[in-house]
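Colleague: Listed here are the chains, written in short residue letters.
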Amino acid sequence: MKNETAAVLILEDGTIFHGKPIGKIGTTTGEIAFNTGMTGYQEVFTDPSYYGQILVMTTAHIGNYGVHDDEIESDSMMIAGLVTKNFSKTFSRVAANDSMENLMLKNNKVGISDIDTRALVRHIRSRGAMNAIISSDGTSIEDLKTQLSKVPSMSGLELSSKVCTKTAYEVKPENPICKISVVDFGIKKNIIRCLVERGAHVKVFPMHTSLQELDTFEPDGYMLSNGPGDPGVMADSIQLVKEVSNAGKPVFGICLGHQLLGLSLGLKTEKMFNGHRGINHPILNLKTGKCEITSQNHGFVVSKESIESNPIVELTHIHLNDNTVAGLAIKDKPVFSVQYHPEASAGPHDSRYLFDQFIANILKAKV
Amino acid sequence: MPKDNSIKSVLIIGSGPIVIGQACEFDYSGSQASRSLREEGIEVTLINSNPATIMTDKVVADNVYLLPLEPNSIIEILQKHKIDAVLPTMGGQTGLNLAMKCEEMGIWEEFGVRMIGVDTTAIAITEDREQFRELMGKIDVPMAPQKTAKSFLEGKEIAQEFGFPLCIRASYTLGGAGASIVYDPKEFDSLLERGLQLSPIHEVMIDKAMMGWKEFELELLRDANDNVVIVCSIENFDPMGIHTGDSITVAPAMTLSDTTFQKMRDMAIKMMRSIGNFAGGCNVQFAVSPDANEDIIAIEINPRVSRSSALASKATGYPIAKIASKLALGYRLDELKNQITKTTSAMFEPTLDYVIVKIPRWNFNKFPGTDRRLGLQMKSVGEVMGIGRSFQEALQKACQSLEINRNGLGADGKELTNQQEILYSLENASWNRLFHIYDAIKLGIPFKTIQEKTKIDLWFLKQIEELIELERKVEKHHLDTIPKELLFEAKQKGYADRQIAHLLKCLESEVHKKRDELGINRVYKLVDTCAGEFEAQTPYYYSTFEYENESVVSTKKKIVVLGSGPNRIGQGIEFDYSCVHGVLAAKECGYETIMINCNPETVSTDFDTADKLYFEPVFWEHIYDIIQHEKPVGVIVQLGGQTALKLAEKLNRYGIPIIGTSFEALDLAEDRGRFSKLLEENDILFPKYGVVESAEQALELSQDLGFPLLVRPSYVLGGQKMKIVINEEELEQHVVDIIGEMGANHILLDHFIGGAIECEADAICDGEDVYIIGIMQHIEPAGIHSGDSYAVLPPYNLGDLVMTQIEEITKKVAKALKTVGLINIQYAVKDDKVYVIEANPRASRTVPFIAKAYDEPYVNYATKVMLGEKKVKDFNFNPRKEGYAVKIPVFSYEKFPDVKKELGPEMKSTGEGIRFIKDLRDPFFMKIYAERNMHLSK
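If you read the sequences in order, they're chains A and B.
Take this note's numbering: the final residue in the first sequence is number 367, and no numbers are missing along the way.
Take this note's numbering: the final residue in the second sequence is number 938, and no numbers are missing along the way.
Bear in mind the hints are in silico, worked out from the structure with no lab data behind them.
The beta-carbon is built from N, C-alpha and C at its ideal position, and this holds for glycine as well.
Be a bit skeptical, because a hint or two may be false.
[To be verified] Okay, the calculated beta carbon distance ranges per label pair:
(1) A:D98 <-> B:N405: 42 to 50 Å
(2) A:S153 <-> B:S430: 54 to 62 Å
(3) A:K290 <-> B:K473: 51 to 59 Å
(4) B:L336 <-> A:N246: 40 to 48 Å
(5) B:E535 <-> A:S309: 52 to 60 Å
(6) B:P71 <-> A:M272: 56 to 64 Å
(7) B:E475 <-> A:D13: 39 to 47 Å
[Stated by the list, open to error] List of simulated lysine-lysine pairs, BS3-like, C-alpha gap at most 25 Å:
(8) A:K89 <-> B:K342
(9) B:K473 <-> A:K20
(10) B:K462 <-> A:K20
(11) A:K20 <-> B:K476
(12) B:K342 <-> A:K290
(13) A:K290 <-> B:K337
(14) B:K337 <-> A:K304
(15) B:K263 <-> A:K290
(16) B:K455 <-> A:K89
(17) A:K20 <-> B:K484
(18) B:K337 <-> A:K287
(19) A:K304 <-> B:K342
(20) B:K476 <-> A:K24
(21) A:K89 <-> B:K448
(22) B:K270 <-> A:K287
(23) B:K270 <-> A:K290
(24) B:K462 <-> A:K89
(25) B:K263 <-> A:K189
Turn these sequences into a full structure, and let the hints guide you.
Modeller: This is the structure we're talking about:
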């Protein structure tokens, strides 16, 4: 029998919230972050970019429509822990395979519900990113605080190697029109789906790979995936990306892939006070003047000043709320990247054109 | 594409009198639009025939025309003003229809006026179902199988093909007029004929009914650069088959996966882009199959602001009409700021960290004999919205807002336990189905049965089941034993102290005290569009039970204005008009103004109106907690109609100062005995009357008073259950009826003065001086509710003797009641004698009318008097008195085809219009005057 009574959430700055346990009874730690999406919780929880994070969902109810085998972005839950206001242990959806509660139990994930998530978000909003601990197993507050103090900061952490594929694999559509080598830093399945849907035969490589290895697939272009952690400490990957972007073929980077591309071009990245996590983020495409509502999940960002002083890089997209860098391209080269998630899932499909653009670049380069 | 600077002057068309399907939400959108345009330095001209609107105020627009919504009025305006553009999307279907008519007549072209915010082809496409269907086919958006019939025969053929049930909708009509679901082939012929008749182009659409499919709505905004955002997703608790205006709705969508939601979003955007090029708002409705396929079909698209966009604005904090107006001027979304945060972009999609539940308010008891079942045709007259941190809390708060004598959902001893009745109600939805779903679950009727009959998503049903489980836990305790956690949980789930008191078998006040002791207090959270991601500037609050309170109390002196709750017959937009003016006047006097209301359609619940908005039920507990938190110097109750007034007694009992006329005076005016004594003391005539508690006593009293008699329960709204009886049999029947239905134990019997002329006077009084703002004479003879009669300002055939008496009596009564603020007195005049029928020391339905007709801000003045900031003699009254103003009652009978269209002492009209006439030779006046005795056939 599970202890229904109490769970606790403690933040690095000592703030304590009491709630009810959800998922596995136990203790978990990670960097606390909040996501403002109102739909797509399962996609979010299985997104490898969230690896190591204790995620606060701001929407009032989580779990209503259960979970569905097709709505996953990786094979397991990636978040370190979950914080919600109302958590539905029962669900209603004919197509669903299971409840969110059972998915958490299967993945050994600890969570806490019945939290004043709004107060928590306002707290994090003003104090910035920090670590946190959730416990539902009765560990004393003192012990939890000690445990929490030992959790390393997300700044300076490389996490991609923990979530990327261990072995390379291929996904092939019926009538492929091009080949793409994908570097997996913690890829979301939907990136692969978006490429394959457009006729690309893709091969996904583990992050620790080389250009030579990527080229064994004889690709027409390279995809740099999303992923968790601090890009600043990924020297090998930065080197790899540098070689990839100089290989003379089209390149498309998403999220962490975008940050690594930026670093490889001599740009700087910085940790944001509060990241962007949600599916309502407005982006302005500076080339077309059109706006997109995008899905975002990042705590680091490419510095705008470093782009402005770089002669070969063009700023292509900006975030309309805070004017941060949302997309860049190498001038005169079919190499571009965005900070946000055009594959969405969860989120709007406004930016899917970027995949079309990437495939178009590839087809053009092939001719 | 920034603002188009060639537009310097814009005409906004209003939606006219309130009818079912088109209510005060268009006052809200029109007012917002006007303010939004004026912010841009644009001269705004407004036309609306509805005088009870804020939008037709000089505080809102530069030029106001209270004219009939006809092409001639438009021509008149265009001849007087240089108008660059017309914005026709703010006045509902009425506004749009008028704009289209003017377009067809070439009026806009003749005067060089551009239509902005709309595309005429878009309107044509969305209103012509066949064209629309063709277009949807082209862009691969599925729809329900449908065909159009232009004749009876065609209709019959289609029915044969589709089978039953099916839906019939008349083309080009409002709020689903002429729409019906046909289950039974026998009903088909007559409904088909009615639909064909109601359609101005004699066309009906016949759809295969997608009964039981889940129903959703999306609210979109698009700019001239073709950027689109989805402001809100709304899920209908009641699935397809019930008009969305009659459905309980929830935002954000509760049972929609991201996969299906994003498909819907894509479809909505594609649809909006396909119908034409325009910058503005748009509402799209979808149905989703309740199976594993989750197939989506489009139902309809409305390229204008709507009832749903008003709800979406209140639900999210994103002011759709305000932004849509700026987009119509050429602004791009990314050039505008989020109006709540003021720092982030308007190009974004609001995200909620709370849930809203909208429940419609019906008034079936005003339409005896009507079919009370809900269907494709909207029948509700108003709505309420509850905001909470969970669906359950929002649901309870919405139920508490309804003013239907329930304390929320359940736990008030009013449950139905008759299984057959419950099952019937589940299948034949009416105003009370939600309550019967609760009863069914409580009774143990299986979910399977409930779902079969209602098709409501299981998630919602389980939420209600959880409430019942919680009640069962609470019930096991009494006040002394209930654990803190359990009480806290009940409060978090939205239970009112009164409901908890019912479960614990104690008093409401004891529960409140217990909460105080345990520290279980309301906290207030902000509606901020962004789930707390950014700091927000706009003070738009709702309450919940959590840890952090975001509502910081200032040190300024504060005034609370109580709103008028849901619109219903007898209490509509007029009271919102008064509340808004009360707020503005108090602001002018340097007070911090606090508005409390729960009606999402109104201007009073626009976060731009008061300094602080608490979107809360106008329900004692919520009011009291806000007062405890804010500590205002007083509360204004006399502007919010009966809703607010009803709370006066309790406010007084709790020692909370009531601004203006005291509770004692309010009470005195309502207490027939004491009031009559006061009249007697002042030598004022009144009809003979008496109070009875049973039919027995009524028969006895009737001997004294003599027939005809006016019979009514005391303390009612809009003449509810008021009836004129002419003999003992009728008297007995009606008294028994009142006692049976309302449980009222005080019934008033008045001798009815037959053949009298009715008139009413409104006045402002500061306790010493009285200023009569206007006297209106009814056109129909006495016996018809004042709200339902045509009335003329000033009186058209009262002699000096009568007028002097009315003036003198008005002054005497106002002073005798120690009125501070507004007062309305109703009179019957016969043989040059003036009888007082009733006095209401509060803002009446007619105050806005008089203010508009005479072009003076009477509510503003009255509020300043109430606050003690001004005396009556401080104002320089200067009414514009030219000719006469005629008040035209407007009914929504087409929504109730089976109701006898006769008028009586019980009010039935839903709205009113104003018409100015130069003299009594006016043909319009001559006509209604000639027909004054045909009152039974409107």
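Colleague: Against each hint, give a clear statement of whether it holds in the structure.
Modeller: Taking the hints in turn, this is what the structure says about them:
no., hint, verdict
1, A:D98 <-> B:N405: 42 to 50 Å, "holds (43 Å)"
2, A:S153 <-> B:S430: 54 to 62 Å, "holds (60 Å)"
3, A:K290 <-> B:K473: 51 to 59 Å, "holds (54 Å)"
4, B:L336 <-> A:N246: 40 to 48 Å, "holds (42 Å)"
5, B:E535 <-> A:S309: 52 to 60 Å, "violated (31 Å)"
6, B:P71 <-> A:M272: 56 to 64 Å, "holds (57 Å)"
7, B:E475 <-> A:D13: 39 to 47 Å, "holds (42 Å)"
8, A:K89 <-> B:K342, "violated (38 Å)"
9, B:K473 <-> A:K20, "holds (18 Å)"
10, B:K462 <-> A:K20, "holds (20 Å)"
11, A:K20 <-> B:K476, "holds (23 Å)"
12, B:K342 <-> A:K290, "holds (22 Å)"
13, A:K290 <-> B:K337, "holds (17 Å)"
14, B:K337 <-> A:K304, "holds (22 Å)"
15, B:K263 <-> A:K290, "holds (21 Å)"
16, B:K455 <-> A:K89, "holds (22 Å)"
17, A:K20 <-> B:K484, "holds (15 Å)"
18, B:K337 <-> A:K287, "holds (22 Å)"
19, A:K304 <-> B:K342, "holds (23 Å)"
20, B:K476 <-> A:K24, "violated (31 Å)"
21, A:K89 <-> B:K448, "holds (19 Å)"
22, B:K270 <-> A:K287, "holds (23 Å)"
23, B:K270 <-> A:K290, "holds (16 Å)"
24, B:K462 <-> A:K89, "holds (11 Å)"
25, B:K263 <-> A:K189, "holds (18 Å)"
The earlier numbered hints that this structure contradicts are 5, 8, 20.
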